[in-house]
Amino acid sequence: MLNLYLTNILTPDNLWYLFITVLFILLIAVPVLIGMAMLTWFERKILGWMHLRHGPMYVGPFGLLQPFADAIKLMFKEPFLPDASSKFMYLLAPILIFVPALIAWAVIPMSETSQGVWVLANINLGVLYLLAISSLGVYGILMAGWASNSKYPFLGAVRSGAQMVSYEVSMGLIILSVILLSGSMNLTDIVHAQQGLWFFIPAFPAFVMFLVSILAETNRHPFDLPEAEAELVAGYNTEYSAMGFALFFLGEYIAMITMSAFTTLLFLGGWLPPLNVAPFTWVPGILWFALKVLAILFFMIWVRGTFPRYRYDQLMRLGWKIFLPLSLIWLIITATCVKLHSENGVQPPAPADVKALDQSSEANPVSLGQAA
Amino acid sequence: MIPDLLFLAFSAGILLGATLVIAARNPMVGVMGMILTFLNAAGLFILFGAEFLGLLTIMVYVGAIAVMFLFVLMTIDIDYIKLKEGFAPYLPAGLLVVALLAAELILAAAHSPAQLTPVVVVGQGPQPQNVVALGQVLFTTYALPFQIAGFILLTAMVGAIVLTHRPRNDVKRQNVTAQVLRKREDAMVLTRPKTGAGATAKHWNPKSVAKKVKA
Numbered sequence: 001m002l003n004l005y006l007t008n009i010l011t012p013d014n015l016w017y018l019f020i021t022v023l024f025i026l027l028i029a030v031p032v033l034i035g036m037a038m039l040t041w042f043e044r045k046i047l048g049w050m051h052l053r054h055g056p057m058y059v060g061p062f063g064l065l066q067p068f069a070d071a072i073k074l075m076f077k078e079p080f081l082p083d084a085s086s087k088f089m090y091l092l093a094p095i096l097i098f099v100p101a102l103i104a105w106a107v108i109p110m111s112e113t114s115q116g117v118w119v120l121a122n123i124n125l126g127v128l129y130l131l132a133i134s135s136l137g138v139y140g141i142l143m144a145g146w147a148s149n150s151k152y153p154f155l156g157a158v159r160s161g162a163q164m165v166s167y168e169v170s171m172g173l174i175i176l177s178v179i180l181l182s183g184s185m186n187l188t189d190i191v192h193a194q195q196g197l198w199f200f201i202p203a204f205p206a207f208v209m210f211l212v213s214i215l216a217e218t219n220r221h222p223f224d225l226p227e228a229e230a231e232l233v234a235g236y237n238t239e240y241s242a243m244g245f246a247l248f249f250l251g252e253y254i255a256m257i258t259m260s261a262f263t264t265l266l267f268l269g270g271w272l273p274p275l276n277v278a279p280f281t282w283v284p285g286i287l288w289f290a291l292k293v294l295a296i297l298f299f300m301i302w303v304r305g306t307f308p309r310y311r312y313d314q315l316m317r318l319g320w321k322i323f324l325p326l327s328l329i330w331l332i333i334t335a336t337c338v339k340l341h342s343e344n345g346v347q348p349p350a351p352a353d354v355k356a357l358d359q360s361s362e363a364n365p366v367s368l369g370q371a372a
Numbered sequence: 001m002i003p004d005l006l007f008l009a010f011s012a013g014i015l016l017g018a019t020l021v022i023a024a025r026n027p028m029v030g031v032m033g034m035i036l037t038f039l040n041a042a043g044l045f046i047l048f049g050a051e052f053l054g055l056l057t058i059m060v061y062v063g064a065i066a067v068m069f070l071f072v073l074m075t076i077d078i079d080y081i082k083l084k085e086g087f088a089p090y091l092p093a094g095l096l097v098v099a100l101l102a103a104e105l106i107l108a109a110a111h112s113p114a115q116l117t118p119v120v121v122v123g124q125g126p127q128p129q130n131v132v133a134l135g136q137v138l139f140t141t142y143a144l145p146f147q148i149a150g151f152i153l154l155t156a157m158v159g160a161i162v163l164t165h166r167p168r169n170d171v172k173r174q175n176v177t178a179q180v181l182r183k184r185e186d187a188m189v190l191t192r193p194k195t196g197a198g199a200t201a202k203h204w205n206p207k208s209v210a211k212k213v214k215a
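Chain order of the listed sequences is A and B.
So the first sequence is residues 1 to 372, counted in the working numbering.
So the second sequence is residues 1 to 215, counted in the working numbering.
Treat the hints as calculated values from the structure; they're not laboratory data.
Treat the hints loosely; a few may be bogus.
With a straight-line cut-off of 27 Å between C-alpha atoms, the simulated DSSO-like cross-links for lysine-lysine are [to be verified]:
| no. | chain 1 | residue 1 | chain 2 | residue 2 |
| --- | --- | --- | --- | --- |
| 1 | A | K321 | B | K183 |
| 2 | B | K82 | A | K151 |
| 3 | B | K82 | A | K87 |
| 4 | B | K172 | A | K321 |
| 5 | A | K151 | A | K87 |
| 6 | A | K77 | A | K151 |
| 7 | A | K151 | B | K172 |
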């Protein structure tokens, strides 16, 4: 029985498919991880210049190898396991932060050539997938705070949980208005809909609110209350050391890149050049994409260098009393405008199409085994 | 073949999670089991082609509801031993309910017209998108029930707030508007007192002080 299963699954076709998929995953994950390492260098360098310092400058040219030196240091530190902690959850928590941060990249399209879109899974509900995955990140933080069985991590975790849940609501509403503008939940289609006019121009208020919301969602300054050094030592990761700590850091910085990429796709036209004329179109799309992501990352670091930290009640007030009503109003305005100009938005299908839809939904679903 | 295996994996995950929910000694582990159940249920939804429902399950149940559960569990002080007290008296009633439910399920399964068929997933062909198909019926055929459901949820939300909200006057709150509208005259008194006469000496009487004296 088992033998039969194995021979049916491990066909050359399936194995080849598996191999290609793993290769694609590595092609995405390795640059993301290296990008994360470089982001820490970028942040320290930019912050250094803003503080009139040099930033890292001794390891490698311009201190470029500093992140790798840090990584090696963290790998060889002693992994410390507090005696009073809940061991299983304590060890699981960093993984739960790191994994969702990385799997979000499965649906992010990065460029487009004549062969197709550069994306691992071009699913129709890409936006929803990203939202669902980003809402999983809070578990790692909550579990870390609880399992450490210590006051500061616990307070940091509770703060972080409340913060992420609060800002997800208005983020969802803002994203909904973008979906209305583009008429699709597919990230590739959203970028295609921005050909000619990037959404940050017609939806500027939403763009500004989204930028602030991603700062809160990724626990960045000025909303970094979960790890406010002055009050909470280091927040939820106080008890962690070595690779556990490194995984928290990885997850946080990858989430920053992910959210920047998400903003780029929703508002800044993804891989599209600013003008569809000769000198701009020569630059490959992936470079435009990287440039836009970098611009938003720079904004996040710039904010860190400029603003003081919010107080917790101010943070909650901003989320619930200001952003939520504003994003609701913005959604209503967008929906009205799209309805009035319905050629840009969702088209009501003709009656004939509806019938076709009804039939095809019941018609022969294909099993994956047969298709393969 | 692969869908069969996925189905087995997801259902095993659901069973494992559900077992954890009732068997775990620590409520935190129980909530983790519940999250495992939700995630695997979402997996099953996606396997059967209801990807919208699946992702929504993750967003709503895992991303919001379970977080609230976790929050409450983390912040209240539970006595685990007391929680387990009073378990034995309810055991017969509980068993009876379980037996009834099991009997119903078995009867329903035995008499249902559905056949045991191999697991099927929707292919990547020209099927309509979940969202489109849902929207077509939700805002036409079922518009009224949809609105009513919304109103019931709103009532529940308002009710929860009304029941639990208590105005607290002993807490200092920040009034941003008042802070922004504050003028220099409201906060500051300029005086030029004589030596030893004190800051609010009588010979110096600017507008702001005069106002306060009148009031």
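- [ ] Run the structure past the numbered hints and jot down the numbers of the failing ones, going up.
- [x] Every hint satisfied by this model.
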